[in-house]
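> Protein chains in written order, with the numbering used here: chain Y, 1 to 288; chain U, 289 to 550; chain C, 551 to 889.
Careful, some of the hints might be misleading.
Said to hold, decoys possible - Taking lysine-lysine pairs in the DSBU-like style, the calculated list, with each CA pair at most 30 Å apart, reads: (1) K436(U) - K273(Y); (2) K273(Y) - K762(C); (3) K568(C) - K879(C); (4) K273(Y) - K361(U); (5) K762(C) - K361(U); (6) K365(U) - K568(C); (7) K879(C) - K312(U); (8) K436(U) - K400(U); (9) K273(Y) - K312(U).
Hints in this document: simulated from the structure, not taken from any laboratory.
Every value quoted in this text rests on a predicted model; they were computed, and no experiment measured them.
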Amino acid sequence: MQILIYGTINSISLALFAIGFAMVYGVSRLPNFAHGALYVLSGFITWSFLNAVGMNYLLSIVLSMLATGIIGALIYQFVLIRVRGMEISEIMASYALGLAILEGLRWRGFRGMTYTLPSFIEGSTEIAGVSVDYQRLLVVGIGAAVVALLWLFTHYTRIGLALRGMAQDERAAMMLGIDSDRMAVVAMGFGSMLAALAAVVLLPLGNIVVEAGYNVLILAIAVCIVGGLGSWVGAVLAAFLIGFAQILTVVYLGAHYQMVVALLAIILTLILKPSGLFGQQKELEERV
Amino acid sequence: MSGEPIIRVQEVTKAFGGIIALSKVSFDVHEGEILGIIGPNGSGKTTIVNCITGFIRKTSGRVFYRGRDISDKPPHKIADMGITRTFQIMRPYYTLPAYKNLVIPLFSPRAKRTGGWRGGGRRGDRNTVGIDILEEIGFERDSYVPYKTASTLPTGYLKRLELARCLALRPEVVICDEIFSGLSMSEIASMVPLIERLQMDGITLIMIEHRLRELFRVSNRVIVLNFGEKLIEGNPQEVMADPKVREAYFGSQKVEEVMNHA
Amino acid sequence: MTVSNGQRRKERIDRGIKVRTEGIYALSSLRELSYLSVPRLVLIIGMLSLPFAMPSIYWQRVITITCIYALLALSFDFLAHYVGLVCLGGAFFVGTGGYLAAIANTTFGLPPWVTVPLAAVVGGSLCTLLLMPCLPLRGVYFAIVSLMYPLLLARVIEALDILGGTDGIMGIDSFPNRWVEQYFLIGILLLLTFGVRRLVNTDLGLVLRGVKDNDQAIRASGMSVTFYKSIAVFIAAVIGCLSGAYLVHIYMWSGISQFALDFSILPIAATVIGGGGTLVGPVLGCLLLVPISELLRDFGTLRIVFYALILVAFIIFRSEGLMVYGQRKYHQFERWTEV
């Protein structure tokens, strides 16, 4: 029972990590290796607003999400857009930027265990005999809400539909008058905001550490590869798969193996079914 | 040209998502013949080549080479067995000189095993063998042409280079994908004897073409594809006289007009 | 009759002496011979005399570390610009080679002369095997997986507390004296640099370059692209593991820091600055970057920020790199012509 509950929580956490990355990749085919950096960055921005400026918590969160979204969009607009289309350069450039941000934060003194964000609701409750923090329940709730809202957004709003159109077929979308460069910037902004959302929801569960940036990146990539780059259903499913696998290894083998599970998942997927569970990039299997 | 076909294509179907590029296409290729595959644009000619040579995975259907099932083999294994192809969109190694382009196929296991074209591959120095092959297909030996970088060569030479790349492997089958396209009449005129010479050397050729007049000079059997289906096969005269073929190329209304004004 | 409309265009033409040195005519006179050989001699003599030129032992150590990075940069350049595989985790090779050499030395008591080549070959094979799953796929996957291996291996070692955990393996033998240590490495570096340059012009090298330019044609010629990619990765991995194995004997210690980002990022930055595709450019890039990073050592992880930003700048502005610029100036001259 404990496994079920913590497994679900872990899976939703993974899904939250991956959603921002998946959106950016789905729309503009950019593997955003600065994703983890944006996650940690938004955590620090929230902390700074909260502690250094003394703002209200809710306001800090909202501003931090907006700030991260803007930073992401700016990164895309001024740097990544110039290497658009050259996959390897995109990876190198976004990775280098992510590194610069993460290591820059580390240098600035954000080291160690002293930076935390408070939970939204203190305390815990019991579900079926297992004690669960309210914050963790909130994670599940917010995660489900985010997925639902995103679904509505991409199906019923103009911008959302434009993003979906670009994700499906960029050229067709361009022919319909959708400016693909601008949409890519928007997607990046959104993806960064989603990373920030994940951060503010999940960081209260622990400390703000620079290392988390690398972990989040690896986990997000693992979920997207296993689920299939470009497929939302696949990403959610993969999040659950990896999430439960991680919890199972924690219970039966030890907490250290969590990240190994992620790597194994990637390797297994690449060997067995490179396009992922629900991958749309069938050409990986078609060898043309 | 005896009994068992060298290549048998059996009910090959290929669907790209909702688009059906090939629908239950079946035909045999006999050893030593020159088979033409024709049809209007989009009829699936290049797709069938990709399916035979393993560059695309089939949705269903089988392909047999000398009785062996090669349907699921990767492209390099199929080339290693002796079925080579040219590419419609030419793919030379642009940064290398023309003769170096041939050094690469001469390095392959098949070239080492069979000795390459005319057994030169066994001699060891691939550079000279490359120049020999180029001379055979029409590059002037004593000029600077074989040494020119592939990116600077005109289309006619590049088409021959594609063919040379196939020959370097000492192939049994060469599939030419629109090898006459983009060439002038004189260039085609000089390539036709080359193709006939290849047939005399025992190579089976499958030629996908749009230039029908030139194709009919060399091939004695053609297959017509339209919208992914095989319409008809037979010798050129029968095929061109068939009204379904005319309809495929010209559209039925035009055929009516032509018939009425004839 | 030419009509000038006032527009000018820059034209680049090979220098006369370059054309004269192509082919057998290079031997025709001392002038042509020196045109070809002087740059190479400058490199060789320059590298060999570096240890003498250094004012202190500290700086001699810096030169040695530079050579380690240069080997990594060489392998990165080879993979990225000649085979088309971008390896974002050079630290993977360093760590693997380093730990293997450490084990061979401490557990089995083998001397450095044996552990270094052994770790290079065994490590190279191991790394190639671990990277194999992504070789049949597009280059993106190789980049992703190569990036992750060092990050994950470091965590695994730390978490499982194997192979010395966070303390690392200590008590590794060093080289007999520091002159041997330096000159042997410089020798290896020069040998491998010129060796890889020869390799890319052999028939095998052409096939590897073909994998980058035109892998469909390679398949159509009956050769397995995955197989040749594996060969290329093996070569690069051996060079990388060699440098890692050498490193642990220099420091007499092997630890998680070998999987650190420095070893992944600095070779890339050095290649981009020094000129990708030239195989010598990355070496020069290291000669430039490593001393600078030593000077920045007091600033902590700022140096990684520094490399990362330089890398981004070069990528965005698509600079050609020092060596490519230098080669162009050496071989060609420019002039303005009327359009």
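> Which hint numbers does the structure go against, in order from smallest to largest?
1, 6, 7
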